[in-house]
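Chains as they are written, first to last, in my numbering: chain E, 1 to 115; chain W, 1 to 114.
Source of the hints: derived by calculation from the structure; they are not laboratory data. Where a beta carbon is used, it is the ideal one built from N, C-alpha and C, also for glycine. Any given hint could turn out to be false.
To be verified - Listed next, with one range per pair, are the computed distances between beta-carbon atoms: (1) E:GLU17 to W:SER66: 45 to 55 Å; (2) E:SER42 to W:ILE76: 18 to 28 Å; (3) W:GLY28 to E:SER12: 38 to 48 Å; (4) E:LYS16 to W:LEU38: 28 to 38 Å; (5) E:ASN98 to W:MET5: 43 to 53 Å; (6) E:ASP55 to W:VAL114: 45 to 55 Å; (7) E:VAL84 to W:GLU40: 21 to 31 Å.
Unchecked claim - Under the rule of at most 25 Å between Cα atoms (straight-line distance), these lysine-lysine pairs were calculated in the DSS-like manner: (8) W:LYS51 to W:LYS27; (9) W:LYS51 to W:LYS71; (10) W:LYS62 to W:LYS51; (11) E:LYS3 to W:LYS44; (12) E:LYS38 to W:LYS71; (13) W:LYS27 to W:LYS62; (14) E:LYS38 to E:LYS3; (15) E:LYS16 to E:LYS38; (16) E:LYS16 to E:LYS114; (17) W:LYS62 to E:LYS3; (18) W:LYS62 to W:LYS44; (19) W:LYS27 to E:LYS38.
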Amino acid sequence: AQKVTQAQTEISVVEKEDVTLDCVYETRDTTYYLFWYKQPPSGELVFLIRRNSFDEQNEISGRYSWNFQKSTSSFNFTITASQVVDSAVYFCALSLYNQGGKLIFGQGTELSVKP
Amino acid sequence: NAGVMQNPRHLVRRRGQEARLRCSPMKGHSHVYWYRQLPEEGLKFMVYLQKENIIDESGMPKERFSAEFPKEGPSILRIQQVVRGDSAAYFCASSGQGMNTEAFFGQGTRLTVV
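Bound-form chain W, shown alone:
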């Protein structure tokens, strides 16, 4: 009974490169949430997706960031042309059907931009 799987656990990118973070939700879960944790801060909501749909992207930066959750495969958080300020831990959570079901978090991906 695998939990939420995120990979890679650690990712190093040079400024200007692209970063792709993957999240495989728990089996049977169709809702995915991405959060960002900047150093010394709490987690901030970025985006909420269901299969093939973005439901709420109110926390996504307007540029360079995008997210998808295709019909098949993991959810992807994509950061284009990374800058040092993108260095953070990115957490994914998943939940089942219904808005009241509990969300479970993955172990996070730590992105370092050098």
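Just chain E, same shape as in the assembly:
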């Protein structure tokens, strides 16, 4: 069975601090996708990234970066120089190659960035 674990339930940082959100996944499949979504207080889901299992290159997009390590089944997300607007719940998710939009979500990490 597949599983996604986000061990950090809540994180609180002060603005401009860097913060890393952890994500560990479990699957026996060799081909899969990993995702991060942001859910701000308004409630919608904002897509951040999709990464396939064959691409272990780290990715950077502005203040966001992702570290994918198959050896530890982790897909961690770092926000550099956090801002108050980054305050949200962040979800990590997994989908199998042949299951399209059927995602298995972690429980989410609530990030609070204080001024």
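Starting from the structure of chain E, add chain W where the hints point.
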């Protein structure tokens, strides 16, 4: 280029009433997925539909819940005889042809049962 549209955004029902949640997929998308997010929890897969077919309903509660995606019109998630425990945010996602295409989420419908 409208995204996935869900309506209503907020729905209040009394216990015992029926709730109907609608999802219009992105243009050209023929695959629809419904998810439920209970308070303080992550999203849980409920059902996957293609036009006129239910492909995977492994996450649907066995009673009171049903879903359809007719040839014409939006996908409907129907909850009969709602109870307080049905209060949640219900998200719909859609994707195009092929099992590898990315799914896009709607803004969700927040159901409150009073």
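LYS16 (chain E) paired with LYS38 (chain E) [C-alpha distance capped at 25 Å]: 19 Å, holds
Straight-line alpha-carbon gap LYS16 (chain E) to LYS114 (chain E), limit 25 Å: 9 Å, holds
Pair hint outcome, LYS3 (chain E) versus LYS44 (chain W) [Cα-Cα no greater than 25 Å]: 12 Å, holds
Outcome for the supplied range 45 to 55 Å, where the beta carbon pair is ASP55 (chain E) and VAL114 (chain W): About 47 Å separates the Cβ atoms of ASP55 (chain E) and VAL114 (chain W), which means 45 to 55 Å holds.
Pair hint LYS27 (chain W) and LYS38 (chain E), alpha-carbon separation not exceeding 25 Å: Holds, because 24 Å separates the two Cα atoms, which is no more than 25 Å.
Pairwise hint evaluation, LYS44 (chain W) against LYS62 (chain W), where the allowed Cα distance is 25 Å at most: 15 Å, holds
Agreement of LYS62 (chain W) and LYS51 (chain W) with the hint, judged by alpha carbon distance not exceeding 25 Å: Holds, at about 22 Å.
Beta-carbon spacing of GLY28 (chain W) to SER12 (chain E) - inside the hinted bounds 38 to 48 Å or not: For GLY28 (chain W) and SER12 (chain E) the Cβ distance comes to about 42 Å; the hint holds.
C-beta pair VAL84 (chain E), GLU40 (chain W): status relative to the range 21 to 31 Å that was hinted: At 22 Å between Cβs, range holds.
LYS38 (chain E) paired with LYS3 (chain E) [C-alpha distance capped at 25 Å]: 19 Å, holds
C-beta pair GLU17 (chain E), SER66 (chain W): status relative to the range 45 to 55 Å that was hinted: Roughly 47 Å apart at Cβ, these two residues keep to the hinted range, so it holds.
Outcome for the supplied range 18 to 28 Å, where the beta carbon pair is SER42 (chain E) and ILE76 (chain W): 25 Å, holds
Hints 5, 12, 13, counting from the list given before, are not met by this structure.
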